[in-house]
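What follows is each chain in one-letter form.
There are 2 protein chains.
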Amino acid sequence: MDNFTLNIPTKIFFGRNQIKVLGRQIEKYGATRVLICYGSKRIKREGLFQTITDKLTDRGLFYTELGGIEPNPRITSVREGVRICREENIDFILAVGGGSVIDCAKAIAGSVNYEGDPWDFFLRKAAINKAIPIGTVLTLAATGSESNGNAVVSNIETQQKLAVYSPILWPKFSVLDPEYTYSVPPFHTAAGIADIMSHIFEQYFSPTPDTFTQDRLAEALLKTCLKYAPIVMEKPNDYTARAEILWAGNLALNTLLSLGREGDWANHSIEHEVSALFDISHGAGLAILFPNWMKYVMDDNNTDKFYNLAVNVFGVAESADKKAAALEGIDRLRTFYNSVGLPARLSETGVEEDSLRKMAEGAVRFGEIGEFKKLKSKDVLAILKMAY
Amino acid sequence: MDNFTLNIPTKIFFGRNQIKVLGRQIEKYGATRVLICYGSKRIKREGLFQTITDKLTDRGLFYTELGGIEPNPRITSVREGVRICREENIDFILAVGGGSVIDCAKAIAGSVNYEGDPWDFFLRKAAINKAIPIGTVLTLAATGSESNGNAVVSNIETQQKLAVYSPILWPKFSVLDPEYTYSVPPFHTAAGIADIMSHIFEQYFSPTPDTFTQDRLAEALLKTCLKYAPIVMEKPNDYTARAEILWAGNLALNTLLSLGREGDWANHSIEHEVSALFDISHGAGLAILFPNWMKYVMDDNNTDKFYNLAVNVFGVAESADKKAAALEGIDRLRTFYNSVGLPARLSETGVEEDSLRKMAEGAVRFGEIGEFKKLKSKDVLAILKMAY
Numbered sequence: 032m033d034n035f036t037l038n039i040p041t042k043i044f045f046g047r048n049q050i051k052v053l054g055r056q057i058e059k060y061g062a063t064r065v066l067i068c069y070g071s072k073r074i075k076r077e078g079l080f081q082t083i084t085d086k087l088t089d090r091g092l093f094y095t096e097l098g099g100i101e102p103n104p105r106i107t108s109v110r111e112g113v114r115i116c117r118e119e120n121i122d123f124i125l126a127v128g129g130g131s132v133i134d135c136a137k138a139i140a141g142s143v144n145y146e147g148d149p150w151d152f153f154l155r156k157a158a159i160n161k162a163i164p165i166g167t168v169l170t171l172a173a174t175g176s177e178s179n180g181n182a183v184v185s186n187i188e189t190q191q192k193l194a195v196y197s198p199i200l201w202p203k204f205s206v207l208d209p210e211y212t213y214s215v216p217p218f219h220t221a222a223g224i225a226d227i228m229s230h231i232f233e234q235y236f237s238p239t240p241d242t243f244t245q246d247r248l249a250e251a252l253l254k255t256c257l258k259y260a261p262i263v264m265e266k267p268n269d270y271t272a273r274a275e276i277l278w279a280g281n282l283a284l285n286t287l288l289s290l291g292r293e294g295d296w297a298n299h300s301i302e303h304e305v306s307a308l309f310d311i312s313h314g315a316g317l318a319i320l321f322p323n324w325m326k327y328v329m330d331d332n333n334t335d336k337f338y339n340l341a342v343n344v345f346g347v348a349e350s351a352d353k354k355a356a357a358l359e360g361i362d363r364l365r366t367f368y369n370s371v372g373l374p375a376r377l378s379e380t381g382v383e384e385d386s387l388r389k390m391a392e393g394a395v396r397f398g399e400i401g402e403f404k405k406l407k408s409k410d411v412l413a414i415l416k417m418a419y
Numbered sequence: 032m033d034n035f036t037l038n039i040p041t042k043i044f045f046g047r048n049q050i051k052v053l054g055r056q057i058e059k060y061g062a063t064r065v066l067i068c069y070g071s072k073r074i075k076r077e078g079l080f081q082t083i084t085d086k087l088t089d090r091g092l093f094y095t096e097l098g099g100i101e102p103n104p105r106i107t108s109v110r111e112g113v114r115i116c117r118e119e120n121i122d123f124i125l126a127v128g129g130g131s132v133i134d135c136a137k138a139i140a141g142s143v144n145y146e147g148d149p150w151d152f153f154l155r156k157a158a159i160n161k162a163i164p165i166g167t168v169l170t171l172a173a174t175g176s177e178s179n180g181n182a183v184v185s186n187i188e189t190q191q192k193l194a195v196y197s198p199i200l201w202p203k204f205s206v207l208d209p210e211y212t213y214s215v216p217p218f219h220t221a222a223g224i225a226d227i228m229s230h231i232f233e234q235y236f237s238p239t240p241d242t243f244t245q246d247r248l249a250e251a252l253l254k255t256c257l258k259y260a261p262i263v264m265e266k267p268n269d270y271t272a273r274a275e276i277l278w279a280g281n282l283a284l285n286t287l288l289s290l291g292r293e294g295d296w297a298n299h300s301i302e303h304e305v306s307a308l309f310d311i312s313h314g315a316g317l318a319i320l321f322p323n324w325m326k327y328v329m330d331d332n333n334t335d336k337f338y339n340l341a342v343n344v345f346g347v348a349e350s351a352d353k354k355a356a357a358l359e360g361i362d363r364l365r366t367f368y369n370s371v372g373l374p375a376r377l378s379e380t381g382v383e384e385d386s387l388r389k390m391a392e393g394a395v396r397f398g399e400i401g402e403f404k405k406l407k408s409k410d411v412l413a414i415l416k417m418a419y
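Note that the protein sequences, when read in sequence, are chains A and B.
Just so we're aligned, residue 32 is where the first sequence starts under this note's numbering, counting upward by one.
Just so we're aligned, residue 32 is where the second sequence starts under this note's numbering, counting upward by one.
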């Protein structure tokens, strides 16, 4: 176990009708002028937007809006948000949606007081050291972005999808009401669960030795996904199932699982390359890639980790042949993803085979990726081919 | 799952040599005059006190000390601390020790600006609404008090041991260096582990339905205790074992496990009555009580919880006879406590049999205790007799 600091500054208000805290929470930061960021019109159709604006108006808070933020949020939306913030003297950003909306809101918040172009942060030309406060209302279980300082944004012109981190980008508060996720369609629900599971895997498959407690916590959250995914696919309005998955998604990426160890974010890097070129769902991309990554990187030195996953999470029987049991676990993961309607191959999703090499090269643009196993361009290409 | 708010304001600095952050962290709160609270002279003998005062002096911070805080900290120590704080214009309290020292420091911090007697808070005659900031350096894995707003203090005159809670009593930061726990003697190490496991049980045995994720997280921490207790008893200087137990102890009572459900703190209430009359170790008292409480409260409606504990944590084979498996789990808990040298009966610890009735009455002075199963005085007496 490595040294670490536990510091979770985001307050989570979890459960039915927790939106009631909204106005008071925004006022805590001395804010009076709010930019509401959102993606699809679902939140208007279903009344959530009205509920939110009523709460703001009740307390005399000004608001304006930036809608239509894309599923893989674009730097152009960030620029537009910055423009509105400056024009309207915005002092608080409320992101209502999933990871894309929240990430876009973070990028806007960090760019308002920066003279250059927001894309500079993603190219590592500048560091975010000032941000206006943000809060979130989560409408999709997937991201974890509601409790961390990460943001991922796409640039269509340059065909890049890049990440930025700053401790000042953590939301001040996040409202997690499971009922707001009832209307997420089946495919997106499944893709969200795959995203959550990927976040857990990316911390579980760590090169750091002696992470017993952290591994067991990770397995606990994976069990939640496996237990409640079939229920939520069957009964989208099941409060308990939506709540358990929403809660697991938050814990999966609020930094708890990452404490005291290095993670391995290679799959996210690879998937970002895929969805930079083809507009496929992030979670679906990860569901395709992960079982293939697992098979590719498993070797005689790291079988134990895959064996533990198989036995502790996927219910594979204990066995002297650890490798066989580990492979059985990976197969069960694949079967699970299939069972919730996620694709098994990149070729099913419109990805073109002759783009794989470009993706592989893009993934390693800053050098080798991965920590559990270092991957070069040729390794990434091999995984992409297995996944095609 | 009930609605909840996740808000963990204490920063945890975990690992070797994290004491390096001390001065800067204290200064963050504008403090210049520090009261160092501690219990035994162990921290002086082993150099930790010197390390700490060097860090304070280096940054020009004034300090004075309150040593000799008792294992069940007394209200007289709180009063003495308050006197020193007022006399020396203390603006920060640093607790160096385990739960007793931290709890005493919290009670002092909350009483400095109160005109009445500190015991008023424990009798619920007054509420703590102002406190000077505190930080902690943990030297024992047990309490969880380094990451919450609870304090338990004893009054020898009135033979009471009572608890107080206030959100403003959360430490600003806590330093958790596993090496500081190397010299904890075997019995206290074991008692600390029993205390941690009791905290987990008291949240696990919840009457709230649908707590799947929370239950699996609790089981993860119990597994850590079971795995590393024998190692740490054998090799007290094993960094990994000390680290895993220290980390589990923190997570067991930093409110994470309690989110979304009611707990059942009956065993703590009962144990407080025992140790109010007889100076037995808190953890040892809990290790005696818990298996008996489990057997007493288990019935046909709640067998599943005990069955899950047996199968998921104690490795009991799955069985159609859930009750038998559950009882086997409780027996394994008892065997585990014996294996680390903890007593099995109150009669072994100097507790007098004719005091049991008084303890039972004291435990319910504010009404029935427990939520998983409500206990009246006669139930508490029955458990105490089983445990004698």
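The set of hints was computed from the structure by calculation and includes no laboratory data.
Please note that the accuracy of each hint is not assured.
All copies of an identical chain are treated as equivalent in the list; a pair is satisfied when it fits inside any one copy or across any two copies.
Computed cross-link-like contacts, DSSO-like style, restricted to lysine-lysine with a CA-CA straight-line distance of at most 27 Å [said to hold, decoys possible]:
hint, residue 1, residue 2
1, Lys266, Lys336
2, Lys161, Lys409
3, Lys353, Lys405
4, Lys404, Lys416
5, Lys203, Lys405
6, Lys407, Lys156
7, Lys161, Lys59
8, Lys75, Lys416
9, Lys203, Lys59
10, Lys407, Lys203
11, Lys258, Lys156
Note that this is a predicted model, so its numbers are computed, not measured.
Results for each hint:
1. In this assembly of identical chains, the alpha carbons of Lys266 and Lys336 lie at most 27 Å apart only when taken from different copies (25 Å versus 33 Å within one copy).
2. Neither within a single protomer nor between protomers do Lys161 and Lys409 lie at most 27 Å apart by alpha-carbon distance, with minima of 39 Å and 61 Å respectively.
3. Taking the closest pair of Cα atoms, Lys353 and Lys405 come within 27 Å of each other only inside a single copy of the chain (23 Å); across copies the shortest separation is 47 Å, beyond that limit.
4. Proximity of Lys404 to Lys416 under the C-alpha cut-off of 27 Å is restricted to the intra-copy arrangement: shortest distance 18 Å within a copy versus 57 Å between copies.
5. In this assembly of identical chains, Lys203 and Lys405 lie within 27 Å of each other by CA distance neither inside one copy nor across copies; the values are 35 Å within and 39 Å between.
6. For a Cα distance limit of 27 Å, the shortest separation of Lys407 from Lys156 inside one copy, 24 Å, qualifies, whereas the shortest one across copies, 67 Å, does not.
7. Proximity of Lys161 and Lys59 under a CA criterion of 27 Å is satisfied in both settings, with 18 Å inside one chain copy and 19 Å between copies.
8. In this assembly of identical chains, Lys75 and Lys416 lie within 27 Å of each other by CA distance neither inside one copy nor across copies; the values are 41 Å within and 62 Å between.
9. In this homomeric assembly, Lys203 and Lys59 come within 27 Å of each other (Cα to Cα) both inside a single copy, at 10 Å, and across copies, at 20 Å.
10. Neither within a single protomer nor between protomers do Lys407 and Lys203 lie at most 27 Å apart by alpha-carbon distance, with minima of 38 Å and 44 Å respectively.
11. For the identical chains of this complex, Lys258 and Lys156 are neighbours neither inside a copy (44 Å) nor across copies (47 Å), given an alpha-carbon limit of 27 Å.
Checked against the numbered hints listed earlier, the structure breaks hints 2, 5, 8, 10 and 11; every other hint is satisfied.
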